[in-house]
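S.K.: Chains as they are written, first to last, in the numbering used here: chain A, 1 to 131; chain B, 1 to 131; chain C, 1 to 131.
There may be inaccurate statements among the hints.
Remember, identical chains collapse to one label, so a pair may be satisfied in a single copy or spanning two.
Claimed, not checked - Only pairs whose alpha carbons sit at most 20 angstroms apart, straight line, appear in this in silico SDA-like list of lysine to any residue:
1) K9 x V129
2) K100 x D16
3) K100 x T72
4) K9 x S28
5) K100 x H76
6) K100 x G131
7) K100 x R3
Because the hints were derived from the structure by calculation, they are not lab data.
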Amino acid sequence: MERIEVATKSRQGFYDITAEVRTAITRSGVQEGICFLFCPHTTAGLTFNENWDPNVRHDLGVGLDAISPQRTAYRHAEMNSPAHIKSSLMGASQFLLVEKGRPVLGSWQGVYLAEFDGPRRRTVWVKVVAG
Amino acid sequence: MERIEVATKSRQGFYDITAEVRTAITRSGVQEGICFLFCPHTTAGLTFNENWDPNVRHDLGVGLDAISPQRTAYRHAEMNSPAHIKSSLMGASQFLLVEKGRPVLGSWQGVYLAEFDGPRRRTVWVKVVAG
Amino acid sequence: MERIEVATKSRQGFYDITAEVRTAITRSGVQEGICFLFCPHTTAGLTFNENWDPNVRHDLGVGLDAISPQRTAYRHAEMNSPAHIKSSLMGASQFLLVEKGRPVLGSWQGVYLAEFDGPRRRTVWVKVVAG
């Protein structure tokens, strides 16, 4: 298992970890298989989305804030329930396929750590399995 | 493949199955690998979230009810379309990494069966693969 | 890796690819293992949901439109940010378990390509691994 470390810079943001995932796959020596990614945090998540226009990440943040705002019925004293919900909406366990030692992604696709309660130090666990 | 059975107690709730997942991994004898979890229901799902403050699960329920309420344009006669949508939002297929015969999770992370149309008897399928 | 091709017919819709997944598993010759599905698009996704009453897919579309509408604060010039968000909400990486050479799904469960910015030609990548 490898670790990708991300120092997030603000409350919410999407951090492209595609290059780090690529490096982890290379280091594993696996040519054909699956690269498993796991986010061990409950106010962050993992998602695939567009890697070209940064406005897409901006809009993803605006959209998720509108979908999961602060609500008066929430009880959690840390006041970060909107972030916990976004974390479950994005997901903690994601994988990608590996061919010829490289991740296979769509042309416009990147892998993102989604921060919802930053800034913090975050970790993504990576395990590459041949198959 | 193993099965984890959960008897849910109300319309909506989050049931911690982390201990059952741990037991399934131990029983598999796998030391290093992946534990695959699959929810075969379309009005329930699987998610990872905080295992400490139960208010987080309360707020997750309140938040999902607000995100996916009953809507007048829905046609499904069973009236449980909000639950079908929540099921797709949480996800049916989730995995976790296994090291030294144990699941590796974040400090505050538990594995939850999310019930959205209970009470019912629910099953989670578990398959542990070495790798 | 196999490819499932789907020609979507309208802006939004859910396309049942369960039969194609079944065929890919048969062709792989794998009897026990995991079938990994990956959607290489950032305005489409993969989800499991009810395969019986088509009204459930209708309602899933209505619900996701309400959850992720167009918003004035969006900046992405292609005007399809609602679709990008739905893509992340559904997910790009999903798997299902394989037993006796067949996918194991719940009685009412199908595998769907979720189109959010069609009509287009879409592809789903499939990899079946024994384990």
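S.K.: Which earlier hints turn out false for this structure, listed by number in ascending order?
M.R.: The structure breaks hints 1, 2, 3, 4, 5; every other hint is satisfied.
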